[in-house]
Amino acid sequence: MKPLILHGHERSITQIKYNREGDLLFSSSKDQYPNVWYSLNGERLGTFDGHQGAVWAIDVNWDTTRFMSGAADQSLRIWDCATGFQIGKIENSSSVRSCNFSYSANMAAYSTDTHLGKHCEILIIDVRNADDSIEKVQPILRIPITGPKVTSMLWGTLDKTIITGHENGELTQWDLRIGKTERSNIDHVGSINDMQMSKDGTMFITASKDKTAKLFDMDSLECLKTYQTERPVNSAAISPLFDHVVLGGGQDAMDVTTTSTRIGKFDSRFFHLVFEEEFGRVKGHFGPINSVAFHPDGKSYSSGGEDGYVRIHNFDPAYFEFNFDCQ
Amino acid sequence: MLAADEVKSSWADEVEEEGTAGALPPPTEEIQNGMKIITEYKYNDDKKIKVVRTFKIERMIVSKTVALRKTWNKFGQSKNDKPGPNPATTIVAEDVYMQFISNKEEDNKPEEDVLDKLKAMGERGAVRCRKCFGDHWTTKCPYKDTVLAGGKITDEKKPESAVGPGGVGPGMAPGDDKNKSQNSKYVPPNLRDGSNKRGDSMSNTRSRDDTIAIRVSNLSESTTEADLEDLVKPFGPIHKLFLAKDKLTGHCKGFAYVHFKFKSDAAKAVSSLNGHGYDHLILSVDWSKPLGQNN
Numbered sequence: 029m030k031p032l033i034l035h036g037h038e039r040s041i042t043q044i045k046y047n048r049e050g051d052l053l054f055s056s057s058k059d060q061y062p063n064v065w066y067s068l069n070g071e072r073l074g075t076f077d078g079h080q081g082a083v084w085a086i087d088v089n090w091d092t093t094r095f096m097s098g099a100a101d102q103s104l105r106i107w108d109c110a111t112g113f114q115i116g117k118i119e120n121s122s123s124v125r126s127c128n129f130s131y132s133a134n135m136a137a138y139s140t141d142t143h144l145g146k147h148c149e150i151l152i153i154d155v156r157n158a159d160d161s162i163e164k165v166q167p168i169l170r171i172p173i174t175g176p177k178v179t180s181m182l183w184g185t186l187d188k189t190i191i192t193g194h195e196n197g198e199l200t201q202w203d204l205r206i207g208k209t210e211r212s213n214i215d216h217v218g219s220i221n222d223m224q225m226s227k228d229g230t231m232f233i234t235a236s237k238d239k240t241a242k243l244f245d246m247d248s249l250e251c252l253k254t255y256q257t258e259r260p261v262n263s264a265a266i267s268p269l270f271d272h273v274v275l276g277g278g279q280d281a282m283d284v285t286t287t288s289t290r291i292g293k294f295d296s297r298f299f300h301l302v303f304e305e306e307f308g309r310v311k312g313h314f315g316p317i318n319s320v321a322f323h324p325d326g327k328s329y330s331s332g333g334e335d336g337y338v339r340i341h342n343f344d345p346a347y348f349e350f351n352f353d354c355q
Numbered sequence: 400m401l402a403a404d405e406v407k408s409s410w411a412d413e414v415e416e417e418g419t420a421g422a423l424p425p426p427t428e429e430i431q432n433g434m435k436i437i438t439e440y441k442y443n444d445d446k447k448i449k450v451v452r453t454f455k456i457e458r459m460i461v462s463k464t465v466a467l468r469k470t471w472n473k474f475g476q477s478k479n480d481k482p483g484p485n486p487a488t489t490i491v492a493e494d495v496y497m498q499f500i501s502n503k504e505e506d507n508k509p510e511e512d513v514l515d516k517l518k519a520m521g522e523r524g525a526v527r528c529r530k531c532f533g534d535h536w537t538t539k540c541p542y543k544d545t546v547l548a549g550g551k552i553t554d555e556k557k558p559e560s561a562v563g564p565g566g567v568g569p570g571m572a573p574g575d576d577k578n579k580s581q582n583s584k585y586v587p588p589n590l591r592d593g594s595n596k597r598g599d600s601m602s603n604t605r606s607r608d609d610t611i612a613i614r615v616s617n618l619s620e621s622t623t624e625a626d627l628e629d630l631v632k633p634f635g636p637i638h639k640l641f642l643a644k645d646k647l648t649g650h651c652k653g654f655a656y657v658h659f660k661f662k663s664d665a666a667k668a669v670s671s672l673n674g675h676g677y678d679h680l681i682l683s684v685d686w687s688k689p690l691g692q693n694n
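Residue numbers (this note's numbering), protein chains in the order written: chain R, 29 to 355; chain H, 400 to 694.
Since the hints were derived computationally from the structure, they do not count as laboratory data.
Treat the hints loosely; a few may be bogus.
As the list claims (entries may be wrong) - Under the rule of at most 20 Å between Cα atoms (straight-line distance), these lysine to any residue pairs were calculated in the SDA-like manner:
hint, chain 1, residue 1, chain 2, residue 2
1, R, K293, H, Y496
2, H, K644, H, P486
3, R, K327, H, V495
Keep in mind the model is a prediction, meaning the values are calculated, not measured.
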């Protein structure tokens, strides 16, 4: 396969996300400009200019009209996808670490960092009529977190719950009707860097600094599978087409220069969803991979790395013909 | 685009422009049977170069919403981009392949494979002791601790080592005029003969595989990948198979590379397939040469 390299960022990629149809690919990095690309030919549609700091998290709503980004300038911004205009902005007391539209995109959830005596918080806001006044509107729900901070977040089934991954590896499911913890567990022993849902929304995969990725049931938070690697996992995604998962990682950016260069370190690694066994690798990045995403049709995937590049890979016929051989 | 071309209608203007030092022919764009060909001219270190890029135009049927999004105007930093990917932000990378991991045993193998492969290149001096010029690393030299009168030995061996292909042995004495004239060009450490080629995984990843790759040439135009696979399969398991095909027509260009899992199988294939009649042509099969050796 000949990957497309998207070189629109000056600094390391923090997150990449496809929209629902997969024709657009959104990317954010530690520079201040989230980008949007046509996934088919790698053409850049535009940049969302306005943030003053590293952009940590992005999301796009169901019908690709709104785009949301949370950044280290302590703001959460909502943009118009078609024009790149900023619709609304919410200032917070610390940087925004994760943000997600609910499935219906009537609501959005975001979390802030623990910083300088400020506690981590989860906020649920109404984004149905997002405009300039959104900052003055009280959030629907404000959940203060006293323990380890939230590092990743997902909406649960029917927008009734949210699931948060924490710095210490804890997973918590919140009931939004009462604003309390419904269930929680600690299966990971390191920070949960990323969580992504399966296509049907029954399972999700976590990527953790403890060198594993795990598959959980959406409702019961039961750990179903574990994918073991030798490096911290920064991101993991579930194929919508096959029983495959892709893991992206590598050691911490700060350790890169102090350890030996060995093959297989910055590869995207493909595991079988059920048998938990690695069956393939794709190399290409010059640094750890920070975010991976499958195209919604499962025929291509993208990865964004510490090297600042996003790579779109269209799978070769060999991938579709590959049959996992279980002895 | 078209309008821009028409402005320069007068041939006199064009001649004048050519006369001035910095003038470049305007970029052209033409569409030929489903292919868009863009020709641009630019300067590269005072040399005028022509860049021709060919794009395939594909028509796809997509849902209305997706089609509508394709018509959106570009915004932000891409506002002034022309339709189509901007080469400044979108680059087509080199081919990469998914490496399939078929079983666990192979996982443990690569470490010793590398050394074996280097030893196999022995005649070319990949693994050579700097002290006794034996077929092993200097650190493992049996004469390591004995004083082999270093200077004397190297003096005798000098002519031989200078003949080696561009090799600058680290143990070689500087100052010898003959050596200097031949090896005055700087050779980066990872390209020297004695290097273990491990540090340069970015630029030279191909070379690691090339030791067990064979090149099959003089194939007929109608050869397909399946044909080639049938041809080489009997010799042993294949790691990778590459058939050079014409981009437009999809016909075979006449040569192919086959990567075997084991060297012995590859050797068998070279010896028995070379000169083999296949599809009214006589095949020529040889080891695939590493990139640097062609010139």
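Hint by hint, here is what the structure shows:
1. With a C-alpha separation of about 16 Å, the suggested pair K293 (chain R) and Y496 (chain H) falls inside the 20 Å cut-off, and the hint holds.
2. A threshold of 20 Å between alpha carbons decides the hint, and for K644 (chain H) with P486 (chain H) the separation of about 25 Å lies outside it, so the pair is violated.
3. Simply put, K327 (chain R) and V495 (chain H) have alpha-carbon atoms about 16 Å apart, close enough for the 20 Å limit, and the pair holds.
Of the numbered hints given earlier, the model fails hint 2 alone.
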